[in-house]
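**Student:** Protein chains in written order, with the working numbering: chain A, 326 to 761; chain B, 326 to 761.
No lab work stands behind these hints, which were simulated from the structure alone. Please read all numbers here as calculations on a predicted model, not as lab measurements. Hints are supplied without guarantee of correctness; some may be wrong.
You can't tell identical chains apart in this list, so a pair holds if it fits in one copy or across any two.
Claimed, not checked - With a Cα cut of at most 30 Å, we get these calculated DSBU-like pairs of lysine-lysine: (1) 715 with 387; (2) 715 with 433; (3) 744 with 629; (4) 715 with 331; (5) 333 with 715; (6) 744 with 715; (7) 593 with 331.
Number of protein chains: 2
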Amino acid sequence: MSAAVKPKPIVELITLGDELLLGLTANGHLTYVGGQLRRYGVTLTRNVTITDDAPAIAAQFKESWGRANIVITTGGLGPTCDDRTREVVARALGQDLVFDPAIERAIKDRFRSFGRPMTANNLKQAYRFRDGEIIPNAHGTAPGLWYAKDERVLIMLPGPPNELQPMFTEEVLPRLIELGWLEDGESYVQLRSAGIGESALETRLQPVFARYGEDLAVAFCAHQGQCDCRLSPASDRLSRAALQAIAEECAGMLGEDFMGFGHDSLAKLCADRLRAADRTLAVAETATGGMLANSFTDLPGATKFFAGGAVCYSNQSKMQLLDVPEEILMQHGAVSAENAVAMAAGAAEKLGADYGLAITGFAGPCGGTHENPVGTIFLALYSPFGVWSKRLSYPGPRQTVKRRAVNAALDWLRRELIKAEDQPALPARAIGFDEY
Amino acid sequence: MSAAVKPKPIVELITLGDELLLGLTANGHLTYVGGQLRRYGVTLTRNVTITDDAPAIAAQFKESWGRANIVITTGGLGPTCDDRTREVVARALGQDLVFDPAIERAIKDRFRSFGRPMTANNLKQAYRFRDGEIIPNAHGTAPGLWYAKDERVLIMLPGPPNELQPMFTEEVLPRLIELGWLEDGESYVQLRSAGIGESALETRLQPVFARYGEDLAVAFCAHQGQCDCRLSPASDRLSRAALQAIAEECAGMLGEDFMGFGHDSLAKLCADRLRAADRTLAVAETATGGMLANSFTDLPGATKFFAGGAVCYSNQSKMQLLDVPEEILMQHGAVSAENAVAMAAGAAEKLGADYGLAITGFAGPCGGTHENPVGTIFLALYSPFGVWSKRLSYPGPRQTVKRRAVNAALDWLRRELIKAEDQPALPARAIGFDEY
């Protein structure tokens, strides 16, 4: 039985590790923990990243523990000499650390199962707070630590994401639900749009927002050719149902620029439409070199609609993998509408897919021609209804050009799949069946 | 002329945006700003992510401004109603905001160059601090703001990464160097290792570390089959040259498990060796679906060694793109050593490359067989000296399995390229020349 739901908790996440501050590792814990709490109606109040230095950890922990209901720390529980979070926080809390033979056994068992010898430094990890519990770690040696006192909870988790993530979903969330800190569902509605800028999006939706004045909170987030708009109640006068109705009115005003509600990526939205229409896709890439294919194969069950793709950097690869005619490459070059069309058609036809989506271009920083400088991208889309190409141009570094090109290609496919729903059905083609 | 170098500055980065706390967007600003400062010997002292709420912004700004030499804020400078950082910080600083017609002109010019009408909400962005300067933004409408007082600097930057990043490198870093806050070069030496766990790595290197006691600071960071070890001086007794000598001794003790010094990725290290040996590579993937190809095509100049690759999800794609014999797929299945070898050889031979690297497996969460459950990966490597395969198994979610499989494949190629340096040279094959 769960306790009654409490007011929204103040939750602070302290992420430790110089590798984060030095820009060596992305702070995936913020994304993960924030995203998990969001699913339960809670917005993380604050995330602080500090160095692995003992005085800094102690000061930050005391500050957060003094004002939050839930404090989560990540990192610094491991076996090496720079792992000192356990000891520093114990001192700041005034809690003794006690050696727990059950933890020692689990660590030894883990090394035994890999057939590796356990080095002595691993025994550091066998200590827990005297009045605390452990959070079992099925994927690593360092257990997490749990300590609750006076309506406050401290949760300490190890740094490796493949250890932290299952611990958070399988152990931490159920305990927080049990204590009544979380409730099911998100506290806002998110509209996703594509192909429209942030200020234009607000201007288009402003007439709707204006009707609700201070009762409606609106937030925008633009990213690489997409723009999200989050709507949430800013007063009790706006019910959940009213919020949903506002979101739907906004979606209607955006037409095809509206991608969907929620968090689905462009690739996921394309995948859903392909599966619903029983259609299959093949891709071909030069400049984006696997990023387009990867955005589909990140989706579980991609096998159901995704036939595969070619990353054809060399001219030989275009001819050998996709039957691009040598004359096209000689006359127009690899970065051309003609080659993009030949790649899209080649991928679809060789792999027996209904749709072929191709990207070629110059991602930079080198390459490019006078006519087609760095940042020039040609897209082509082959479908049961015809084949088209498009020329685009993006400024910025290589990664940005790649990501923008992939998003533009995905958004184009999404729009074509919507249009295809009004077309007479043509026979679908079958692809393989393995589930990678 | 630059000012004399000052003591290490306290630098705080305040990243604004509910989308970060909600886990909707990764905090790329921490990675970018942290990484850029690292190149100039500075470790970011603290990063705080808070909500776009005015009181929270004001409180955090005052706290950071009270203790840091340099405060950097990101986000909330844009045109929409939820962009309030400029106004809130101005009030907290006690600085008036003044309308700057030069900013207005730049915004209007930008819209004109796109042939889009400027919506009125954009004019919010034309205000700056009365005693401050602007930081020009070549890629967006919102300029950054610069304010310096009493040996302290405030730097306010817009949220979109393609705007922030060039502003930071082209405008902010030169001004901070001019003021004497930065010096050239990193303050530590990083050793990267692959194929060895964190506790084993520390244990192997411990005899070296022990000789330097408290003078040497050591930090470890394990990530997906790699482990980095950062060495830095903890006292004045350890010179830069001594640190380098320690790092080189450690590298020697690790043999082939030592990847390199610095920050180069496995893909970059493979690329360097391929280019040095004038060798070329083709790849083939099922489960990792483009991630392997993408790790090479993220490198500028990949054209010089990377012929291309096939993402062959369907069986037809394996046969059509790579000439994998149907009998192999029927007898052994797509997730088998036999198919991995056929894919690696097919990719290299069809694309005329010296090396072929293939990954097949079950990334999950669905799929898998009794014999080869989810997480099973087969790698194959085709080289001028032969062809081999390897079976691996990784626990964890789809993304983790994909990343671990790609890293294992890259590390294998890296080791083979080292061995190949002692082999008699065989003729290299040529690939295309376009620079994507």
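**Student:** Can you name, in rising order, the numbers of the hints this structure does not satisfy?
**Tutor:** 1, 4, 5, 7
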